[in-house]
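From first to last, the protein sequence lines stand for chains B and L. If you're matching positions, the first sequence starts at 1 in my numbering and goes up one per residue. If you're matching positions, the second sequence starts at 1001 in my numbering and goes up one per residue.
No lab work stands behind these hints, which were simulated from the structure alone. For clarity, every value in this text was computed on a predicted model and none was experimentally measured. Don't take each hint at face value.
For each label pair, taking beta carbons as the anchor points, the in silico distance ranges come out as [to be verified]:
1. L:Ser1049 - B:Ser36: 20 to 28 Å
2. B:His60 - L:Gly1041: 34 to 42 Å
3. B:Leu3 - L:Glu1133: 30 to 38 Å
4. B:Ala25 - L:Ala1087: 16 to 24 Å
5. B:Arg135 - L:Ser1049: 47 to 55 Å
6. B:Thr83 - L:Glu1065: 39 to 47 Å
7. L:Lys1019 - B:Arg165: 36 to 44 Å
Below 30 Å or equal to it, Euclidean Cα-Cα: the simulated DSBU-like pairs (lysine-lysine) are [to be verified]:
8. L:Lys1015 - B:Lys42
9. L:Lys1143 - L:Lys1048
10. L:Lys1143 - B:Lys42
11. L:Lys1015 - B:Lys86
12. B:Lys42 - L:Lys1142
13. L:Lys1023 - B:Lys86
14. L:Lys1142 - L:Lys1037
15. L:Lys1019 - B:Lys86
16. B:Lys42 - L:Lys1037
Over 10 Å on every C-beta distance to chain L, these chain B residues come out as not near it, computed from the model [to be verified]:
17. Ser36
18. Gly39
19. Glu75
20. Val91
21. Ala106
Glycine included, each C-beta is placed from N, C-alpha and C at the ideal position.
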Amino acid sequence: MALNPESRARFNLEQASILVLEPHAMGMNVIVEILSRFGARKFRRCFTVAEARESVEADHYDLMMVDAMAGEGVEFVRWLRRTELKPNAYVPIILMSGHTPARLVAEARDCGAHFVMVKPLAPSAVLERILWLAREGRQFVACDSYAGPDRRFQNLGVPPGMQGRRRSDTAEDLGDAQGPNLDQSLIDGLLKPTKVHL
Amino acid sequence: MSAVRIHTPDVNLAKLIRKPGGKAVADALSGASEGLKEMSGSVLAELKSTLAAAETCLAAKPTGEGVEELYLTIARPIGAASLCGLAAADEVLTSLATLLDAMRQDVPWAPEPVRLHLHGLGLLLNAPEDSDETRALVDGLKKVTKRYVGEAAG
């Protein structure tokens, strides 16, 4: 996911509606400053969860930056993911935290945010995550205990001794080959170097 | 086993971000760094008012909700100082937030370590240059927090 800070690749946030939930005025200014310098223009600044709830019920957003707010922000994300407010219920959310007590770490991880970022928010780290969120069409998972983006960054298969719950999960026991293996000459043919005229 | 629903929603951000125009990554990052540098004066002023608010709170001999308020006063501004070249101030705020968080849970209230942190923060805000003395001050305050929080855990 590393971002080359010298890259001339372009991205456009001018039309993106961004909700920022941050209770502290200075923290709000810092986030808005960073995103404005990235070219974003449409902000909804919310200082309380009540304001944020009202906003997501009234408008659509393309990205949310939510401060954990000692647990209140975490609860807001969990609530939003459980609502039927489409498309806001599926919007990319970055959860930010200045001071995260140990007991809140698991809650923050499991609330349904796409990323949890610890402050200070370095501009390059923020941009890296925004670009990642915009590039990937991540699956959403909803079950009794969790609603939010698929948290698997690697597909390592079903844990040994367990049964997969997805159609795409393969059985632990793959069984015998269903067709003949490629013979060596075919493999060599696939790898044979050929001249290319450019 | 609970029922699991899986689907892939449309990400509107993905469409918007590819629209023509916008900014180059390099320009966006240098612009953001510049913008944060320009904010350093106001961040410093804000941290000084945070310090004053925390000192007022401490002088009122807080209990219960007072400790909670003091914790929020200290924890909320964490992160801004580092972006404006005052990383040491952020470290002190984080150390104090850890201490106050423990005090609002199960560690007995003690004003002295809190006062020490606030005094240290005041010194850093008035002389924010990075130096050996600054490092020693920050490390010392972290040890204070570790001692109080660790004692309660042990």
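Please check whether the beta-carbon of B:Gly39 is more than 10 Å away from every beta-carbon in chain L. violated (5 Å)
Is it true that the CA of L:Lys1143 sits at most 30 Å from the CA of L:Lys1048? Satisfied, since the Cα-Cα distance of roughly 24 Å is no more than 30 Å.
C-beta pair B:Leu3, L:Glu1133: status relative to the range 30 to 38 Å that was hinted: 36 Å Cβ-Cβ, so the 30 to 38 Å window holds.
Does the Cβ pair L:Ser1049, B:Ser36 satisfy 20 to 28 Å? Holds, since L:Ser1049 and B:Ser36 (Cβ atoms, about 24 Å apart) stay within the stated range.
Hey, L:Lys1143 versus B:Lys42, does the alpha-carbon distance stay inside 30 Å? Not OK: L:Lys1143 and B:Lys42 at ~44 Å, beyond 30 Å, violated.
A cut-off of 10 Å on Cβ-Cβ distance, and B:Ser36 was said to be off the interface with chain L. Does that hold? violated (7 Å)
Between L:Lys1142 and L:Lys1037, is the straight-line Cα distance small enough, at 30 Å or below? holds (27 Å)
Over 10 Å to the closest beta carbon of chain L is the bar; see if B:Ala106 clears it. The claim stands: B:Ala106 keeps its Cβ more than 10 Å from every Cβ of chain L (closest is about 16 Å).
L:Lys1019 and B:Lys86 were given as a pair; does the straight-line alpha-carbon distance stay at or below 30 Å? holds (23 Å)
Using the C-beta atoms of B:Arg135 and L:Ser1049, is the stated range 47 to 55 Å upheld? violated (41 Å)
Measuring from beta carbon to beta carbon, are L:Lys1019 and B:Arg165 in 36 to 44 Å? holds (38 Å)
Confirm or reject the claim that B:Thr83 and L:Glu1065 have a C-beta distance inside 39 to 47 Å. Given about 31 Å between the Cβ atoms, the range is violated.
The structure fails hints 5, 6, 10, 12, 17, 18 and 20 (numbered hints given earlier, in ascending order).
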